[in-house]
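2 protein chains.
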Amino acid sequence: MTESVISSPHNSRITAARALLTRNGRSKASAFLAEGPHAVAEAVASSRHQVRELFVATDAESRHGSLIASAREGGAAVHVVSDRVLRLLRDTVTPQGVVAVITVRPEAGEALAAARLAVLLDRVADPGNVGTVVRTADAAGADLVGLTPGSADVYSGKCVRASAGSLFHLPVVTDLTVDHAAVAAGAAGCRVLATAADGESSLDDLIADDLLAAPTLWVFGSEAHGVSDTARAASDLVVRVPIYGSAESLNLAAAAAVCLYASARAQRR
Amino acid sequence: MTESVISSPHNSRITAARALLTRNGRSKASAFLAEGPHAVAEAVASSRHQVRELFVATDAESRHGSLIASAREGGAAVHVVSDRVLRLLRDTVTPQGVVAVITVRPEAGEALAAARLAVLLDRVADPGNVGTVVRTADAAGADLVGLTPGSADVYSGKCVRASAGSLFHLPVVTDLTVDHAAVAAGAAGCRVLATAADGESSLDDLIADDLLAAPTLWVFGSEAHGVSDTARAASDLVVRVPIYGSAESLNLAAAAAVCLYASARAQRR
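Protein chains in written order, with our numbering: chain A, 3 to 271; chain B, 3 to 271.
Check each hint, because a few of them may be wrong.
To spell it out: a stretch of chain A is covered by chain B in this simulated footprint if at least three of its residues, at any positions, have a beta carbon under 8 Å from a beta carbon of chain B; those stretches are [claimed, not checked]: (1) 131-139; (2) 142-151; (3) 161-173; (4) 248-258.
The following residues of chain B were derived to be distant from chain A, with all beta-carbon distances above 10 Å [claimed, not checked]: (5) P39; (6) H51; (7) A113; (8) T134; (9) A235.
What the hints contain is simulated information worked out from the structure, not anything from laboratory work. For each residue, glycine too, the CB sits at the ideal point set by N, CA and C.
Excised from the complex, chain A in its bound form (with noise of 0.2 Å):
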């Protein structure tokens, strides 16, 4: 590699991707952070997403040979950096001496229109179960996820990592309104399920009614408040997930897994 080393914390490249450790930064660019070689190397492998800008560090170089050639062949621009300079650019401990800029390629609505089963997360705060239900989405085939505006930033460290590499596996589309993926939904011939503890339809009776074959658009709420009003409204059914011994309820990962997993081996079958 014939780049000097930055190792210094004031170069401007280094000023601009640490702006993308806060949701504000990552906002105004449009771009965030991924570390470590293997969200790395999901990112080159990624139609959706490009990577902008990749900093290694000085003694990671060696270990991570193709990784480099891959991203600059995507058109990354590679930029070697001292070990002091990656530890700025970092969320976690160890970013395994590569971090990398990734843009977002503009996801259309179009993505809905074609999906059989998508997730709508509705005000989801908590970054661990964004991810979560993202990579619980990915395994079970899903097409899409949407996020209302109010829930976690999804290009967050933590949900980035909770994600385990989904996050570049299927599109995320953000500020979608419930409205919005409501009526692309519908006219695309996909039923909304929101889910709720108080819900009229238990989802074991849409599972023995053979009801959840059908292309769905499945909607969880914030874990304090649940689904919204809106999302009442703009659902064809609220459904609830039985509980059978004592617990109040299910963590919200948990019942995602459970209905995402009923639609996709109801949907195969």
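Knowing the structure of chain A, use the given hints to seat chain B on it.
Leaving out everything else, chain B in the frame of chain A:
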């Protein structure tokens, strides 16, 4: 209330209770702390738990009159403490004025002998995951959760919180080895199903073939290493949760939710 207010952090009851903030202290005393009126009320109501002591902040005494009365009725010693002293006992930012010292009544292996649906966590290290699985197991109507040596401390503050009260709803057996659990399960007519990404049987096939209606002990392995070789050997089947999309795997708590609800549904049909 007639007690004097404890305002010294060196009071012997306070130092004894503070020792329960560490795993070693909990293990020595066979006791743990629960924070906040909700968790304390669950512990008071649980037949498997004994609230030994209840610490109430001076400004919370009037708010929690009925909780204090029922704890005292159940045999708890109630101590009014200064806000500063209460803060020394907390693991969270807001214990909401009450912290209790709780002991667990010894749980015999017979709980497993009568189980129709049980869970064994095999060296699951993250307390948040352990607490979430306890909550999900409770929601799915499971009869018992066991943890092998090497699992997270189920009585740590993070785990108690993640269980959202479910820790007080069903028997939780710690230091249960895989072999002990498998033998007890076998004697009770429970099928032992371990989960692994490379499992020989798909969960969907088990559902389709109606093999989940039988009494079942589910074994889930560690986040990093999966189920142990011992657990594989002790199981009747190693089951994989199918991945329909591009995710490499499901997170542990999500996989447990999918498996436990599949069993609960089959057993109730």
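We went through each hint and held it up to the structure:
With a threshold of 8 Å between beta carbons, the proposed coverage of the segment 131-139 of chain A by chain B holds, since 4 of its residues qualify and at least three are required. Requiring three or more residues with a Cβ within less than 8 Å of a Cβ of chain B, the coverage given for the segment 142-151 of chain A holds, as 3 such residues are present. Counting residues of the segment 161-173 of chain A whose CB lies closer than 8 Å to any CB of chain B gives 6, which reaches the minimum of 3, so the coverage claim holds. By the rule of at least three residues with a Cβ nearer than 8 Å to a Cβ of chain B, the coverage given for the segment 248-258 of chain A holds, with 10 such residues.
With a minimum CB-CB distance of about 14 Å to chain A, P39(B) clears the 10 Å threshold, and the non-interface call stands. For H51(B), the shortest C-beta to C-beta distance to chain A comes to about 14 Å, beyond the 10 Å cut-off, and the non-interface label holds. With a cut of 10 Å on Cβ distances, A113(B) stays outside the contact zone with chain A, its closest approach being about 14 Å. Distance check on T134(B): its Cβ comes as close as 6 Å (rounded) to a Cβ of chain A, failing to clear the 10 Å threshold; non-interface status is violated.
Non-interface call for A235(B) relative to chain A: holds, since the shortest CB-CB distance, roughly 27 Å, exceeds 10 Å.
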